[in-house]
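K.L.:
Next come the chains, spelled out residue by residue.
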Amino acid sequence: MEAFGLLLQGFSVLLTFKTLSFMIVGLVLGIFVGVLPGLGGPNGVAILLPLTFTMDPTTAIVMLSCIYWGALFGGAITSILFNIPGEAWSVATTFDGYPMAQQGQAAEALTAAFTSSFIGSLVAVLLITFLAPGIASFALQFGPPEFFAVYLLTFCSFVGLGREDKHKTIISMTLGFLLAGIGLDTVSGQLRMTFGWDELLRGINFLVAVIGLFGISEILLTMEERLALRGHAASISLRVVLNVWKDLPRYWMTLLRSSAIGCWLGITPGGAIAASFMGYNLAKRFSNDPEGFGKGKIEGVFAPETAAHASGTSALLPMLALGIPGSGTAAILLGGLLVWGLNPGPLLFVEHKDFVWGLIASMYLGNVVGLVMVLTTVPIFAAILRVPFSAIAPMIVVSCAIGAFAIQNAMFDVWLMLVFGVVGYVFKKLNIPLAPFTLALVLGNRAESSFRLSMIGSGGDLRVFWSNWLVGTITTLALILLFWPLISQAFGRVSRLWRPAAVIRTPHN
Amino acid sequence: MAEETEPATGDAQAVVGTRSVDIVVYLMLLAFAALLGFDNWRTGMSWEADGPQAGYFPFYLSLLLGAASLYGLVYKLLMERGPGETFVTGEQLRRVMQVFVPTLLFCVFMQWLGLYVASFLLIAGFMWLVGRIALWKALVTGFLFSLIMFITFDIAFDVIMPKGPLEAAFGY
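Line by line, the protein sequences give chains A and B.
According to the working numbering, the stretch in the first sequence is residues 1 to 509, in order.
According to the working numbering, the stretch in the second sequence is residues 1 to 172, in order.
No wet-lab data here; the hints were simulated from the structure.
Be aware that one or more of the hints could be misleading.
[Stated by the list, open to error] Quick list of the computed label-pair ranges, beta carbon to beta carbon:
{"no.": "1", "chain 1": "B", "residue 1": "LEU105", "chain 2": "A", "residue 2": "LEU242", "range": "49 to 59 Å"}
{"no.": "2", "chain 1": "A", "residue 1": "GLN408", "chain 2": "B", "residue 2": "MET28", "range": "19 to 29 Å"}
{"no.": "3", "chain 1": "B", "residue 1": "LEU105", "chain 2": "A", "residue 2": "PRO249", "range": "53 to 63 Å"}
{"no.": "4", "chain 1": "A", "residue 1": "SER137", "chain 2": "B", "residue 2": "SER20", "range": "48 to 58 Å"}
{"no.": "5", "chain 1": "B", "residue 1": "ALA34", "chain 2": "A", "residue 2": "PRO485", "range": "26 to 36 Å"}
{"no.": "6", "chain 1": "A", "residue 1": "VAL387", "chain 2": "B", "residue 2": "LEU105", "range": "19 to 29 Å"}
{"no.": "7", "chain 1": "A", "residue 1": "THR476", "chain 2": "B", "residue 2": "ILE155", "range": "41 to 51 Å"}
Where is the CB? At the ideal position from N, CA and C, for every residue including glycine.
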């Protein structure tokens, strides 16, 4: 139980007055951000990142991850009370959560949502606690070829398994890679794609792009749809909480299933949204009463919320252990780590033990404190939604501008944010996915340099990616995932060749 | 990059269809890919003995971007005919502009007046003119928000924002 001892050490790092108070500030800000329409986890973390620049890394990352937990909890409030999913993965929560609120059971639905988020996160954090150190120490043997193979796997799975049109995913991803390549090339020291423009020497900052793509574009979209906020009031009494918790053991199977789905999809990139829908659909399929789903069944809140939060949390596992974020928010947290000069990946567990275990301990504590906080303060946060949008919209714009400026103290970045805002708006309306773009932008340079370092190491021989069983397996798996749609089509065709025979035979029987 | 592409005209039903925006965006992406591809070709995109040159990766990525955009363009032009869905209606575009134009002005003002004064103007102006909220409420909200931001960032967290003549008058 080496992990356990290290975890206790992590708690001791955490339990100082300063860290704890920043944790609570982070949670409040996070819930606030999660509740506001047009903001969500990734934007919230990106916009609030500058606040943490002057802190020490541990306090900063604890506050950031608490913003993330808060945003996850906050998203459920809007889905249930207002039928507006704060995040894409809260969509499935609205299916049964909002009908429950309409039937006067808002408090039960909210308690169910918060509790199941807590359970989902807890399972994922346990997974991180016991799995991450092992994966990290295994990955210590990785050289550039192995790392490139893992990056390749990440990107290929996006193209092969994504639901969007393939060419749109590729456009989004290549655009991210290209923008990441702007500026000084770290391997050769040459300048690329700057067109003699001084401002571009530093390259395009990932966080600036995120603030524009998600924050500003979301404001434009919200304004376009003219959200009419009409929601249900709710306050949660202790009696309701206990009642819901008393029934909890009955749903252990749903909770367990959703946690498992969530953890699995969270570790593979881009999974949180899929996880919540899959959790919901499977709960429906295995239920005794599938008809009741969508009409306000509490199980319909448990299932997607548990899965979404398990996946949102376990997305941090590959980020910490391998330096590969499993979700957009994890990518932004990774961007934050880079700002403090911490290089996420296997070495982090060796060189910055205090930091890693402080962060993992904060996941436990943040979830417990967050659960208590949301259960007690729901009425206050629900009231935020009654503030007119015309007051909130300009405040969000100002926060975005502050965030974008503070990252490099550059006015150019504010303009860049505005351009990305428009790009994000157009892309979202054309169904061009933004997640591959974000991922390519943050990982682009690392992927390229690991490729080129492998090439320097092998003398330009591509066979290095099949040089041992480990790298060979990952590379092959990546290629299989990339061509998965074609492969599954071929399988379908083969099985169809068999099926007509079966169909012909049946009439005779 | 894909900037605003649709011309702003009155409050007609559909200002522009998704199909036309799609085509314009693909054309822009194609042009962007060509530009970057050319620049990387100039940087050097060949394969040396010890691996690729600096422009190698981006050059082939721009080719890929170009190919994907071209595919999208051809697909749109050949396969999906007819007017298609509405990208944005006049009414929607008006509302989007209601927030985009003030944001643009805010960025312009930020350079001359500093962030805090510009944010006061944006919030108060937006609440009053777009939200039709009473002027005094708008002014108070704008002032309080800017003040809180100033205290949080410039004083408490030492994150220095651009400032203008007003802050200079107070000695900051």
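K.L.:
Taking the earlier hints as the rules, which of them does this structure contradict?
P.N.:
Hint 7 alone not satisfied by this model.
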